[in-house]
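Hey, can you work out the whole structure from these sequences and the hints?
Protein chains in written order, with full-length UniProt numbering: chain Y, 1 to 380; chain S, 1 to 292.
By construction, these hints were calculated from the structure, which means they are not laboratory data.
Note that CB positions come from ideal geometry on N, CA and C, so glycine has one too.
Do not take every clue at face value.
To be verified - Simulated pairs of lysine-lysine, DSBU-like, Cα-Cα distance not exceeding 30 Å:
no., chain 1, residue 1, chain 2, residue 2
1, S, 122, S, 180
2, Y, 101, S, 180
3, S, 180, Y, 132
4, S, 280, Y, 132
5, S, 280, Y, 130
6, S, 122, Y, 130
What the hints assert, rightly or not - Which bits of chain S does chain Y cover? Going by a derived footprint, with three or more residues having C-beta under 8 Å, they are:
no., region
7, 113 to 125
8, 181 to 189
To be verified - Derived list of chain Y stretches under chain S, where covered just means 3 residues or more per stretch with a C-beta under 8 Å from a C-beta of chain S:
no., region
9, 92 to 102
10, 239 to 250
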Amino acid sequence: MATLQLNNVVKSFEDTQVIQGVDLEVKDQEFVVFVGPSGCGKSTLLRMIAGLESTTSGDIVIENQRVNDLGPAERGLAMVFQSYALYPHMTVEDNMGFSLKLAGENKEARREKVLEAARILQLEPLLDRKPKALSGGQRQRVAIGRAIVRNPSIFLFDEPLSNLDAALRVQMRIELARLHEELKATMIYVTHDQIEAMTMADKIVVLQGGVVEQVGSPMELYHHPRNRFVAGFIGSPKMNFLPVSAESAAADGVTIRLPGGDTTRVPVQGTGCQPGEALTLGVRPEHLVLDETGPLQGRIQVIERLGGQTSLYVEMDDELITLMVDGDVTHRVGDEVRFTFEPRRGHLFTGDDMALESLERHPLASLTRLDHRAASDAEA
Amino acid sequence: MTTTLSHKDAPMDAARGNAALRSKRLRNLGIAVLGWSVALIIFFPIFWMILTGFKTEAEAIAEPSLFFSPTLENYHDVQARAGYFNFAWNSVVVAFGSTLLALLIAIPSAYSMAFLPTKRTKGTLLWMLSTKMLPPVGVLVPIYLIFRDLGLLDTLTGLTIVYTLMNLPIVVWMLYTFFKDLPQDILEAGRMDGASTLQEIVYLLMPLTLPGIASTGLLSVILSWNESFWSLNLTTSQAAPLPAYIASFSSPEGLFWAKLSAASTMAIAPILVFGWLTQKQMVRGLTFGAVK
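See the structure below:
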């Protein structure tokens, strides 16, 4: 069992507060991803959990023990660094066995554990090599192997895939997910890449400016972003935002006037919203559909054909709106198009960028990879 | 080169290429000549000293000449007058002893400055270097008095301490720059793996910066070996190293150039051989950061 709690954790460098009172609970065997733009404090938060960075105030609790005053090694964690941070003068085997050597384990015991980790990561043929004789992907696996050998209660990953090329990154992503499955370990993973976050996480923590913007499952963040920042950060391409005004608002929905003059009723909790209030409508590119009678219209500026899908960049009232449509559309640049969206796919944000709550929860919003596992266990 | 290049342009282009090649060769030749000239100018006094060591005293002060019948007389005389090996041994003990001591103190200090810097680290480093700007004679009297009271005059211990302190600023400074080049992640990974500060230094920092540590050590050995001010002022006979040995031949009875040269040749011989054997290491260390 390995759980982690952060209670009102704060980190200040002199006068700047880089982590501003973070509360978080990580359950046993959970894969938690910290995501946010660069400089949001995600790496600092990870390093604080690791013990490489001191904590200004608040408590870090691992398995019900406050660890603020413990050194990195005493916390029972292992960390994989962005730069891999392998020991260049040691062989792969010595790299992986270094922690055991420091812990005073004898050579046979060390070798046994290293071989076990090497088997999981298919590193056996490389054990005698030095890091400089390895490719980027292999180095990454050695760094992970070094973490596995320690048998930590929690694995920490600091942007481990950002030095790899795109194809390798996808492959390592799958390997990491598989590893999580195999080791049944608690993992905390830092990335700026929202695709990594969406694909690997049981729970995503979105950070901005040292503040947690939202915590939730990938599908929850996608379907129910709490504010405009999360809505824009999660999902690719980015969500479209349009200025609209409220016609009428009630607990069972808000009727809005679209830029073209049409009205539509979005099923969100509208209590507290005033008629006439300026709101922002958010619709994801994949939820906008071409429709000759649609209420929205614009002129195509750029077309990007990806094969299966096509992105249309449509200019509407001086704003560029992105549509993800079928790959076989025959439109050309300069064409006037009309489009629409299902009202339940719309998000409304108030003037302070907070989202109005959807009336209906998306059926997959609480789905995590833990649920997948439970289902497959039940089948077995 | 663009694809629109026509055939007519080709010979002209070749000519231009040849000209570029010629000017490059000319430049290389110029650099070689300059390099050799500087090397010869630097080496000439040493060459002349070695030569003079094989002349008689009369020849040594006569019209300079490259042709003479070499003699080992001077070497025999200087050995007879003062035991070379005693001085050489003192030099070895003091040079290596002080270097070892300096490294022992400097490695932890450079570690803390490189990896756990405070607001005052830069200032401390500058201040340490500034002590090297003070002429040693300025502190001769206090140090002499302290050494006298502590009974350290003319002892190897005393000279070792002085040399250690003398080289410490340079040693710390050099190690600091080598350590700073080491990615901090590696040490942090060590910390995550459970390494104590000492284990971090011994298992990770030292093996990874060994070329830098070695060249720093070599420099410290050479500086200590050649130091003459403190050795002349703080030693007389018991702990006197080679510079004192050389100085003993510029005696009140007059200057004996040939004997002085013979003694000097013997004094620099060990460090010359040492420097020659370790020059690869020295160069590698001194360019350590540059090639990464």
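Cut-off 8 Å, C-beta pairs, minimum 3 residues; does the coverage of the region 239 to 250 of chain Y by chain S stand? violated (count 0)
Agreement of residue 122 of chain S and residue 180 of chain S with the hint, judged by alpha carbon distance not exceeding 30 Å: Roughly 13 Å between the alpha carbons, so the hint for residue 122 of chain S and residue 180 of chain S holds.
Holds or violated: residue 180 of chain S and residue 132 of chain Y, Cα atoms, limit 30 Å. 21 Å, holds
Is the Cα-Cα distance between residue 280 of chain S and residue 130 of chain Y 30 Å or less? 24 Å, holds
Does the region 92 to 102 of chain Y contain three or more residues whose Cβ lies closer than 8 Å to a Cβ of chain S? With 3 residues in contact (Cβ-Cβ under 8 Å with chain S), the coverage given for the region 92 to 102 of chain Y holds.
Outcome, coverage of the region 113 to 125 of chain S by chain Y - at least 3 residues whose beta-carbon is closer than 8 Å to one in that chain: violated (count 0)
Quick one, are residue 122 of chain S and residue 130 of chain Y close enough, alpha carbons at most 30 Å? Distance of about 35 Å is beyond 30 Å: violated.
Take the region 181 to 189 of chain S, compare each residue's beta carbon with every beta carbon of chain Y, and decide whether three or more fall closer than 8 Å. It holds, with 5 qualifying residues against the three required.
Would you check the hint for residue 280 of chain S and residue 132 of chain Y, treating anything up to 30 Å between C-alpha atoms as holding? With Cα atoms ~23 Å apart, residue 280 of chain S and residue 132 of chain Y stay inside 30 Å; holds.
Mind checking the alpha carbons of residue 101 of chain Y and residue 180 of chain S for me, to see if they're no more than 30 Å apart? 26 Å, holds
Hint violations for this structure: numbers 6, 7 and 10, all remaining hints satisfied.
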